[in-house]
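In order, the protein sequences belong to chains A, B, C and D. Residues in the first sequence are numbered consecutively from 1, following this note's numbering. Residues in the second sequence are numbered consecutively from 1, following this note's numbering. Residues in the third sequence are numbered consecutively from 1, following this note's numbering. Residues in the fourth sequence are numbered consecutively from 1, following this note's numbering.
There could be a bad hint or two in this list.
Copies of the same chain are indistinguishable here, so a pair counts whether it falls within one copy or spans any two.
Claimed, not checked - Computed cross-link-like contacts, DMTMM-like style, restricted to lysine to aspartate or glutamate with a CA-CA straight-line distance of at most 25 Å:
1) K26 / D91
2) K26 / D77
3) K26 / E85
4) K34 / E85
5) K103 / E49
6) K26 / D48
7) K65 / E100
8) K28 / D55
9) K28 / E89
10) K65 / E50
11) K26 / E92
12) K28 / E85
These are computed hints drawn from the structure, not numbers from a lab.
Number of protein chains: 4
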Amino acid sequence: MTSVDTTGERGHEGHGHAGHGYLAEKDKFIRRLKLIEGQARGLQRMVDEEAYCIDILTQVSAMTKALESVGLGLLHDHMNHCVVEAARESDEAANAKVDEAMKAITRLVKS
Amino acid sequence: MTSVDTTGERGHEGHGHAGHGYLAEKDKFIRRLKLIEGQARGLQRMVDEEAYCIDILTQVSAMTKALESVGLGLLHDHMNHCVVEAARESDEAANAKVDEAMKAITRLVKS
Amino acid sequence: MTSVDTTGERGHEGHGHAGHGYLAEKDKFIRRLKLIEGQARGLQRMVDEEAYCIDILTQVSAMTKALESVGLGLLHDHMNHCVVEAARESDEAANAKVDEAMKAITRLVKS
Amino acid sequence: MTSVDTTGERGHEGHGHAGHGYLAEKDKFIRRLKLIEGQARGLQRMVDEEAYCIDILTQVSAMTKALESVGLGLLHDHMNHCVVEAARESDEAANAKVDEAMKAITRLVKS
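With the rest of the complex left out, here is chain A (with noise of 0.2 Å):
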């Protein structure tokens, strides 16, 4: 979750916001995001099937906590990325950056 982007391989060269620092992580973001998916999916069957409400609610529980668990992961790695590097560049930068991040942080604990 630490490391940080050693090198260039990340295509910094120019483009903005390309690479987002979590280049190394997307296919396992990707892998989790397609668990979710079929999480997803069975819940249709459950409903589809009349399984009992609770045992659904459960399920729901638990797709939750692997979306929360994405959001975080995706968060950390943002913070360790976009914002350290606002952080070295200015102040204006890096307060820019904590009050985006902030914000999605507030939506992520109220949702």
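We have chain A; now place chains B, C and D onto it with these hints.
Chains B, C and D alone, transformed into the frame defined by chain A:
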């Protein structure tokens, strides 16, 4: 959201929790879960195309909210049917269903 | 239907939902809320003494959990009493109480 | 070191993490925590007077939101100061502070 339960087609005759009360709403829930499945695919695309982290997080929050809302809808139907029916059966049945519902609610609150 | 419960008439004899069901647990809830009040004071002290932010946040999370747990406890008692009683009264009463409980649950889940 | 932080009166000279960046906001946070303490007392009164459960739950949700909002405010200041400062120090310092902040964020999201 409230009563539902149209008639005898729930196969209620005798066997405990068949039907589970959300039959009339089944299609609505499946539709909403299909949208959520689509959001999970959209997120994979965003990660794959290396969209900006904060934009991905905004989608994660939207998807979490949609999922939570399905959970609350299912819970509503469950309370209107299973919990209410159990209350009419006996104190023991009522307490058991309330305890079970509270466990599901606790998981929703904490997830 | 809201406040109700004026005095000694809580002996339940006959009148629907007087008492609100949590009398036996009243002291327990007040004790837990006193602890939470103490946590709020402890947080003021930490901020005043400029404790480390992360340590303060740990206490904020602990206090939030304690508060949530009181909310879930009150909801449990409410369901075991008011919702169950309403279910025995009529469909309308049941639906009204379930709707009302669902609104409270939604606020708990989103807060 | 970004916004806030007026001068040297933070007693920074030498001791590790004195100050923590939220000094200017200290009074604001203490005021908000005092209100939260008042809410905890109000809840005790409501339980003692046997207010209607749902009304108590509404207050519990309001208090939870207020507390969450204090947590997010403290986190914002922490990110603007400690995390930004660490980012300027070294990669190791940055990673350590981001990891620590993420743990606090995870607790906030899950509580």
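So which of those numbered hints doesn't the model satisfy?
-> Those not satisfied are hints 4 and 9.
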